[in-house]
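Mind the numbering: the sequence shown is residues 580 to 741 in this note's numbering, read in order.
Honestly, the hints are just simulated from the structure, not real lab data. You may find that some hints are simply not true.
Here are the simulated DMTMM-like pairs of lysine to aspartate or glutamate, each with C-alpha atoms no more than 25 Å apart in a straight line [what the hints assert, rightly or not]:
#1 Lys-741 <-> Glu-721
#2 Lys-581 <-> Glu-670
#3 Lys-612 <-> Glu-684
#4 Lys-581 <-> Glu-656
#5 Lys-631 <-> Glu-721
#6 Lys-612 <-> Asp-623
#7 Lys-738 <-> Glu-598
#8 Lys-612 <-> Asp-667
#9 Lys-581 <-> Asp-687
#10 Lys-637 <-> Asp-687
#11 Lys-586 <-> Glu-707
#12 Lys-612 <-> Asp-600
#13 Lys-581 <-> Glu-601
#14 Lys-673 <-> Glu-684
#15 Lys-738 <-> Glu-713
#16 Lys-581 <-> Glu-684
#17 Lys-738 <-> Asp-687
#18 Lys-741 <-> Glu-710
#19 Lys-637 <-> Glu-714
#20 Lys-586 <-> Glu-656
#21 Lys-609 <-> Glu-656
#22 Lys-662 <-> Glu-716
#23 Lys-581 <-> Asp-719
#24 Lys-637 <-> Asp-719
#25 Lys-741 <-> Glu-608
#26 Lys-586 <-> Glu-598
#27 Lys-673 <-> Asp-623
#28 Lys-586 <-> Glu-684
#29 Lys-612 <-> Glu-636
#30 Lys-637 <-> Glu-656
#31 Lys-738 <-> Glu-608
#32 Lys-637 <-> Asp-600
#33 Lys-738 <-> Glu-633
#34 Lys-586 <-> Glu-608
#35 Lys-586 <-> Glu-669
#36 Lys-662 <-> Asp-687
#37 Lys-609 <-> Glu-598
#38 Lys-581 <-> Glu-669
#39 Lys-741 <-> Asp-687
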Amino acid sequence: MKIISTKSIEDAFNFLESESDELVHAYNEKIIKEQELLLHFAADTVNAFYQKEEDIEKGFYDVFYYLTIFYKAFENENCTIQKINEADLEELDKVFPPFLEEYYEEGDPNTILAFINQPYLIDFILYELSEENEENEFDDNESNLLFMAGLSILYLLNKVQK
Numbered sequence: 580m581k582i583i584s585t586k587s588i589e590d591a592f593n594f595l596e597s598e599s600d601e602l603v604h605a606y607n608e609k610i611i612k613e614q615e616l617l618l619h620f621a622a623d624t625v626n627a628f629y630q631k632e633e634d635i636e637k638g639f640y641d642v643f644y645y646l647t648i649f650y651k652a653f654e655n656e657n658c659t660i661q662k663i664n665e666a667d668l669e670e671l672d673k674v675f676p677p678f679l680e681e682y683y684e685e686g687d688p689n690t691i692l693a694f695i696n697q698p699y700l701i702d703f704i705l706y707e708l709s710e711e712n713e714e715n716e717f718d719d720n721e722s723n724l725l726f727m728a729g730l731s732i733l734y735l736l737n738k739v740q741k
């Protein structure tokens, strides 16, 4: 298992922020083709948080934005990302609730590291959602969605990377 470097994360972020819309769209289409179940999982996660259509659309956009950064960061690190399957999602359903319970009880970021073991990606998502990030425009519900969806996606990508 490869640990994703800060440089790979920065390059992934810069790809989304500086490349043409056409190139980013083509990359997003690639992810959709390669990881259909992951996209369904992301959509289901967003739908569990929101009722209003405009909230669902924004939530999915935000989740897909971070999913794209994560996916690109893994690729930047020359990881082969295998297709996520039903067994991977079933495993996540078993291990994620106890992890969350332990994390919320202890509040220790090392709990996240023990669960996923991607320190720089974890630091990235925690910073993105933190109050220290002056560009953070997420309300509590959005932050909770991105925290849970982000960690779930990282868990799955980390599991299937080679």
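Against the structure, the hints:
1. Taking the CA atoms of Lys-741 and Glu-721, the gap is near 31 Å; set against the 25 Å cutoff, the hint is violated.
2. Distance hint between Lys-581 and Glu-670 is fulfilled; the C-alpha atoms sit about 21 Å from each other, no more than 25 Å.
3. Distance check on the hinted pair: Lys-612 and Glu-684 sit about 38 Å apart at the alpha-carbon level, beyond 25 Å; violated.
4. Among the hinted pairs, Lys-581 with Glu-656 is consistent with the structure: their alpha-carbon atoms are about 8 Å apart, no more than 25 Å.
5. A C-alpha spacing of about 13 Å is found between Lys-631 and Glu-721, which places the hinted pair at or below 25 Å, so the restraint holds.
6. Taken as a hint, the Lys-612 and Asp-623 pair is honoured in the structure, with Cα atoms around 18 Å apart against an allowance of 25 Å.
7. Proposed proximity of Lys-738 and Glu-598 is contradicted: the alpha carbons are some 28 Å apart, above 25 Å.
8. A threshold of 25 Å between alpha carbons decides the hint, and for Lys-612 with Asp-667 the separation of about 18 Å falls inside it, so the pair holds.
9. Taking the CA atoms of Lys-581 and Asp-687, the gap is near 23 Å; set against the 25 Å cutoff, the hint holds.
10. In summary, the hint linking Lys-637 to Asp-687 is not supported, as the alpha carbons are separated by about 29 Å, beyond the 25 Å threshold.
11. Between Lys-586 and Glu-707, the direct Cα distance comes to roughly 16 Å. Compliance with the 25 Å bound is thereby established for this hinted pair.
12. Using a Cα cut-off of 25 Å, the hinted pair Lys-612 and Asp-600 holds, with the two alpha carbons roughly 18 Å apart.
13. Proximity of Lys-581 to Glu-601 is assessed by CA-CA distance (about 30 Å); at most 25 Å being required, the pair is judged violated.
14. Between Lys-673 and Glu-684, the direct Cα distance comes to roughly 18 Å. Compliance with the 25 Å bound is thereby established for this hinted pair.
15. Restraint check: the Cα-Cα separation between Lys-738 and Glu-713 comes to about 32 Å, which exceeds 25 Å; the hinted pair is violated.
16. Restraint check: the Cα-Cα separation between Lys-581 and Glu-684 comes to about 29 Å, which exceeds 25 Å; the hinted pair is violated.
17. This hinted pair checks out: Lys-738 and Asp-687 have alpha carbons roughly 22 Å apart, not beyond 25 Å.
18. Our distance criterion of 25 Å between C-alpha atoms is broken by Lys-741 and Glu-710, whose separation comes to about 34 Å.
19. Taking the CA atoms of Lys-637 and Glu-714, the gap is about 17 Å. The hint holds against a cut of 25 Å.
20. At roughly 9 Å between alpha-carbon atoms, Lys-586 and Glu-656 fall within 25 Å of each other, so this suggested pair holds.
21. For the proposed pair Lys-609 and Glu-656, the alpha carbon gap of about 17 Å is at most 25 Å, so the pair holds.
22. About 32 Å separates the Cα atoms of Lys-662 and Glu-716, which puts this hinted pair outside 25 Å; it is violated.
23. Our distance criterion of 25 Å between C-alpha atoms is broken by Lys-581 and Asp-719, whose separation comes to about 32 Å.
24. Distance hint between Lys-637 and Asp-719 is fulfilled; the C-alpha atoms sit about 14 Å from each other, no more than 25 Å.
25. Pair hint Lys-741 plus Glu-608 holds up; C-alpha atoms about 22 Å apart against a cutoff of 25 Å.
26. Taken as a hint, the Lys-586 and Glu-598 pair is honoured in the structure, with Cα atoms around 17 Å apart against an allowance of 25 Å.
27. As the CA atoms of Lys-673 and Asp-623 are separated by approximately 17 Å, the hinted pair is consistent with the 25 Å bound.
28. A C-alpha spacing of about 33 Å is found between Lys-586 and Glu-684, which places the hinted pair above 25 Å, so the restraint is violated.
29. About 20 Å separates the Cα atoms of Lys-612 and Glu-636, which keeps this hinted pair within 25 Å; it holds.
30. Distance hint between Lys-637 and Glu-656 is unfulfilled; the C-alpha atoms sit about 29 Å from each other, more than 25 Å.
31. Distance hint between Lys-738 and Glu-608 is fulfilled; the C-alpha atoms sit about 22 Å from each other, no more than 25 Å.
32. Distance hint between Lys-637 and Asp-600 is fulfilled; the C-alpha atoms sit about 18 Å from each other, no more than 25 Å.
33. Restraint check for Lys-738 and Glu-633: the C-alpha separation of about 32 Å exceeds 25 Å, so the hint is violated.
34. Our distance criterion of 25 Å between C-alpha atoms is met by Lys-586 and Glu-608, whose separation comes to about 24 Å.
35. Distance restraint check for Lys-586 and Glu-669: the Cα-Cα separation of roughly 32 Å exceeds the 25 Å cut-off, and the hinted pair is therefore not satisfied.
36. Distance hint between Lys-662 and Asp-687 is unfulfilled; the C-alpha atoms sit about 31 Å from each other, more than 25 Å.
37. Among the hinted pairs, Lys-609 with Glu-598 is consistent with the structure: their alpha-carbon atoms are about 16 Å apart, no more than 25 Å.
38. Straight-line distance between C-alpha atoms of Lys-581 and Glu-669 comes to about 23 Å, which keeps the hinted pair within the 25 Å bound.
39. Taking the CA atoms of Lys-741 and Asp-687, the gap is about 28 Å. The hint is violated against a cut of 25 Å.
The earlier numbered hints that this structure contradicts are 1, 3, 7, 10, 13, 15, 16, 18, 22, 23, 28, 30, 33, 35, 36, 39.
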